[in-house]
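Engineer: Each protein sequence line maps, in turn, to chains C and P. Counting along the first sequence from 1, when you hit position 160 you're at 160 in our numbering, and nothing is skipped either side. Counting along the second sequence from 1, when you hit position 203 you're at 203 in our numbering, and nothing is skipped either side.
It cannot be assumed that every hint is accurate.
What the hints assert, rightly or not - Covered, in the sense of this in silico footprint (three residues per stretch, anywhere, with C-beta under 8 Å from a C-beta of chain P), are these stretches of chain C:
hint	region
1	17-25
2	32-45
3	55-69
4	82-91
5	146-155
Hints listed in this document are in silico derivations from the structure and should not be mistaken for laboratory results. Think of the CB as a built atom: it goes at the ideal place given N, C-alpha and C, for glycine as much as any other residue.
Number of protein chains: 2
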Amino acid sequence: MQITPVTAGRSPRVLIVGAGFAGINAALSLRGAHAQVTMVDRKNHHTFQPLLYQVALAVLSPAEIASPVRTILRGQKHTEVLMGEVVGFDLKARNALLKNGSRLEYDYLIVAAGSTHSYFGHEEWAVDAPGLKTLEDAIEIRRRVLLAFELAEKQVLENAPHPTPLNFVVIGAGPTGVELAGAISDIARHYMTRDFHHIDPRQARIMLLEGGPRVLAAYPEDLSASAERQLRDLGVEVRNNTRVTGIEPGVVLVGEERIAAAVIVWAAGVAASPLGKMLGAPTDKTGRVMVDAELNIPGHPEVFVLGDLAAREQDGHGLPGLAPVAIQMGKWVAKTITRDINGEPRKPFHYFDKGTMATIGRNKAIAQIGKIHLSGVIAWLAWLFIHIMYLVGFRNRLLVLTEWAWTYFAVQQGSRLITGDTNLIGWGNAD
Amino acid sequence: MQITPVTAGRSPRVLIVGAGFAGINAALSLRGAHAQVTMVDRKNHHTFQPLLYQVALAVLSPAEIASPVRTILRGQKHTEVLMGEVVGFDLKARNALLKNGSRLEYDYLIVAAGSTHSYFGHEEWAVDAPGLKTLEDAIEIRRRVLLAFELAEKQVLENAPHPTPLNFVVIGAGPTGVELAGAISDIARHYMTRDFHHIDPRQARIMLLEGGPRVLAAYPEDLSASAERQLRDLGVEVRNNTRVTGIEPGVVLVGEERIAAAVIVWAAGVAASPLGKMLGAPTDKTGRVMVDAELNIPGHPEVFVLGDLAAREQDGHGLPGLAPVAIQMGKWVAKTITRDINGEPRKPFHYFDKGTMATIGRNKAIAQIGKIHLSGVIAWLAWLFIHIMYLVGFRNRLLVLTEWAWTYFAVQQGSRLITGDTNLIGWGNAD
Numbered sequence: 001m002q003i004t005p006v007t008a009g010r011s012p013r014v015l016i017v018g019a020g021f022a023g024i025n026a027a028l029s030l031r032g033a034h035a036q037v038t039m040v041d042r043k044n045h046h047t048f049q050p051l052l053y054q055v056a057l058a059v060l061s062p063a064e065i066a067s068p069v070r071t072i073l074r075g076q077k078h079t080e081v082l083m084g085e086v087v088g089f090d091l092k093a094r095n096a097l098l099k100n101g102s103r104l105e106y107d108y109l110i111v112a113a114g115s116t117h118s119y120f121g122h123e124e125w126a127v128d129a130p131g132l133k134t135l136e137d138a139i140e141i142r143r144r145v146l147l148a149f150e151l152a153e154k155q156v157l158e159n160a161p162h163p164t165p166l167n168f169v170v171i172g173a174g175p176t177g178v179e180l181a182g183a184i185s186d187i188a189r190h191y192m193t194r195d196f197h198h199i200d201p202r203q204a205r206i207m208l209l210e211g212g213p214r215v216l217a218a219y220p221e222d223l224s225a226s227a228e229r230q231l232r233d234l235g236v237e238v239r240n241n242t243r244v245t246g247i248e249p250g251v252v253l254v255g256e257e258r259i260a261a262a263v264i265v266w267a268a269g270v271a272a273s274p275l276g277k278m279l280g281a282p283t284d285k286t287g288r289v290m291v292d293a294e295l296n297i298p299g300h301p302e303v304f305v306l307g308d309l310a311a312r313e314q315d316g317h318g319l320p321g322l323a324p325v326a327i328q329m330g331k332w333v334a335k336t337i338t339r340d341i342n343g344e345p346r347k348p349f350h351y352f353d354k355g356t357m358a359t360i361g362r363n364k365a366i367a368q369i370g371k372i373h374l375s376g377v378i379a380w381l382a383w384l385f386i387h388i389m390y391l392v393g394f395r396n397r398l399l400v401l402t403e404w405a406w407t408y409f410a411v412q413q414g415s416r417l418i419t420g421d422t423n424l425i426g427w428g429n430a431d
Numbered sequence: 001m002q003i004t005p006v007t008a009g010r011s012p013r014v015l016i017v018g019a020g021f022a023g024i025n026a027a028l029s030l031r032g033a034h035a036q037v038t039m040v041d042r043k044n045h046h047t048f049q050p051l052l053y054q055v056a057l058a059v060l061s062p063a064e065i066a067s068p069v070r071t072i073l074r075g076q077k078h079t080e081v082l083m084g085e086v087v088g089f090d091l092k093a094r095n096a097l098l099k100n101g102s103r104l105e106y107d108y109l110i111v112a113a114g115s116t117h118s119y120f121g122h123e124e125w126a127v128d129a130p131g132l133k134t135l136e137d138a139i140e141i142r143r144r145v146l147l148a149f150e151l152a153e154k155q156v157l158e159n160a161p162h163p164t165p166l167n168f169v170v171i172g173a174g175p176t177g178v179e180l181a182g183a184i185s186d187i188a189r190h191y192m193t194r195d196f197h198h199i200d201p202r203q204a205r206i207m208l209l210e211g212g213p214r215v216l217a218a219y220p221e222d223l224s225a226s227a228e229r230q231l232r233d234l235g236v237e238v239r240n241n242t243r244v245t246g247i248e249p250g251v252v253l254v255g256e257e258r259i260a261a262a263v264i265v266w267a268a269g270v271a272a273s274p275l276g277k278m279l280g281a282p283t284d285k286t287g288r289v290m291v292d293a294e295l296n297i298p299g300h301p302e303v304f305v306l307g308d309l310a311a312r313e314q315d316g317h318g319l320p321g322l323a324p325v326a327i328q329m330g331k332w333v334a335k336t337i338t339r340d341i342n343g344e345p346r347k348p349f350h351y352f353d354k355g356t357m358a359t360i361g362r363n364k365a366i367a368q369i370g371k372i373h374l375s376g377v378i379a380w381l382a383w384l385f386i387h388i389m390y391l392v393g394f395r396n397r398l399l400v401l402t403e404w405a406w407t408y409f410a411v412q413q414g415s416r417l418i419t420g421d422t423n424l425i426g427w428g429n430a431d
């Protein structure tokens, strides 16, 4: 379905909400279009989420995986960048309401506000088991992981009577949980030992708790099994069919069992941004907006919902909340708006699956490219190559490559800085 | 004066409080000594303070100017690193009290806890006019500076009736104040304009308020005058003999005058760490501990006070609170303890002034090396060279050099990320 711009002769105003993969790619691909584009985001930066866990584990610095939205889009004269929070929509009057009260009018609205953690109704768990979605999350997890090692060393030095066990519990064995568990193991066994004199790395236990029957459930069973083997090689204790029933400071509850944990990370649940519900269209149980083949909500060919916020089936399967889906949606919507402007008919969105991959640790990964299943070093090299290629900005690619080479060959880590609250966490005699 | 280790035959325990320039250099120089060294700091990292302003102005990332203390000292088997806060001393029993209640015994105590901001009794000003001493301070100032530009752009786009003037007020024209004012000007005039479509860089006013008669008062008058000229070339409004009488949100008061400011930075006063007073020795009016020619407090040849925390005169002048003084003191104390252990007599501390320099902006600096006074590009190149050489760690030197070359030649900036609170500051219609 095609719509005609409201005012003939004027180039249409495209409002993009959210500077994630979908939004940024939509904005970049609208570069040549006869449209006035406005990008609104609460943050000033686009984050390369697939590498967030590397910031959380102190391998990379925040600036290496994030770029200011303005800098990414500065080559585009007809694109405005606004830092602000959208809190509502008036679909009839075609405008979005900002938190400061001002309204942004549009002819086309692209909502790509992404997703956030879901604690399945236990939001109180967030304090003790943070998730990993933003740079701030990554810095917070980094702080907790580094402080856990500091506390462990301190307790040995001070002969603490009841030292905190150096346990790391990751809840949820999706891609993020697997990456985090593998990376914590790498850090504990390879990097940390050289900095600490008293911690025995074998003391560090890394537990990965998964509610379902297998890790990386979105992958075929053989890759899933390979991933679990690779995790065990790294010393990660994988526990499938393990449902967390409670979280307290420093303790994860699994039924009657109480697992002591110096650090708990939540990688189990995802909920769509609340902006989805504000569109007034049907949503699924995680709050994602049901969109048609043109990624529109019913009756509004001028309103698109993209990325993690969109619920869309293809060939009988729901499209996954992955960067490639969001990127393709972003590019597609830009083409579709250009077609509208040129008076050409729209084509439905179709996701082309080039393959997916998940990293597990140093030299360890799995990859699925069509019918080809890869494991181990080859999958890891493919993962490395693709992630560097997709990083926004040449400067970042160069910095990350340098940092990784340094980390890999010097077996030394990048940016183990603790900023913010320096109180040692845990209980006992922390100060 | 020489002391004998408490227990003959056992290598003496050296406790170092503070991992700044003095403490780190003392620890590194004790590498070969027959001593058990313990380093305690509240943070896990040593910060290269002379480059903090570059983090505050989003040129460098925190990880590029800071290194974990453990990593710096990891080559030394007999050196322990503890993250903890010292809250008191028992000089008689020879131990230091940590916040968590445990005590660290010593044979030698080195107190190098540095200094913090002083608001001359107006601590309430700290909220609106943060100072620059720690990485957290730098990240906070970066957040405010970047948000000020975001707000200015937003107000133009939204036709705000009373836009916040894009004024930056730096209070205090010592080295930090001068660096900050010059760097803000560089940013506003060179870097920011390419990212923003609506802000006129000439709107940005940078004011440097100095209570005394001239900028960089520690330097000879001709260099001081040159620095002021170079600042004016950069468009900085220098106001000498200007005493701030009050600070309110977004306003600096100078008597009756009210100066509107999007960002206020405090670089006017320094106070010694409160740990100085806890030693029970005489202190000067800024809280620095008066030390003798062997950097000891009266009656305690085993207690040394170094760096910014020490008040020491030499040739009729007080030693300045600069990195070179702290570094030389740190190295000297290590030698002195080694002499004690070897039964050799002590030699008094003598600061050797190799020259001092202050940077003002791109290609702009002043330097004093003995009787030679340098200004402009040559002084700036010397500054660049020396600051890279003194950065701890080869990796950091490499990263900073790459970043600077990139910034300089591409006229593009490094790490303009806003993390933490993303509320736009100021008043009016900020959200």
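Engineer: With reference to the structure, classify each hint as holding or not holding.
Structural biologist: Hints, one by one, checked against the model:
Given a C-beta distance limit of less than 8 Å, the hint that chain P covers the region 17-25 of chain C is violated, as 0 residues qualify and 3 are needed. Requiring three or more residues with a Cβ within less than 8 Å of a Cβ of chain P, the coverage given for the region 32-45 of chain C holds, as 4 such residues are present. With 6 residues bearing a CB less than 8 Å from a CB of chain P, the region 55-69 of chain C meets the requirement of three and the coverage assertion stands. For a cut-off of 8 Å, the count of residues in the region 82-91 of chain C with a CB near a CB of chain P stands at 4, and the three-residue condition holds.
Remark: the region 146-155 of chain C is confirmed as covered by chain P, as 5 of its residues place a Cβ nearer than 8 Å to a Cβ of that chain, reaching the required three.
Consistency note: the structure conflicts with earlier hint 1 alone.
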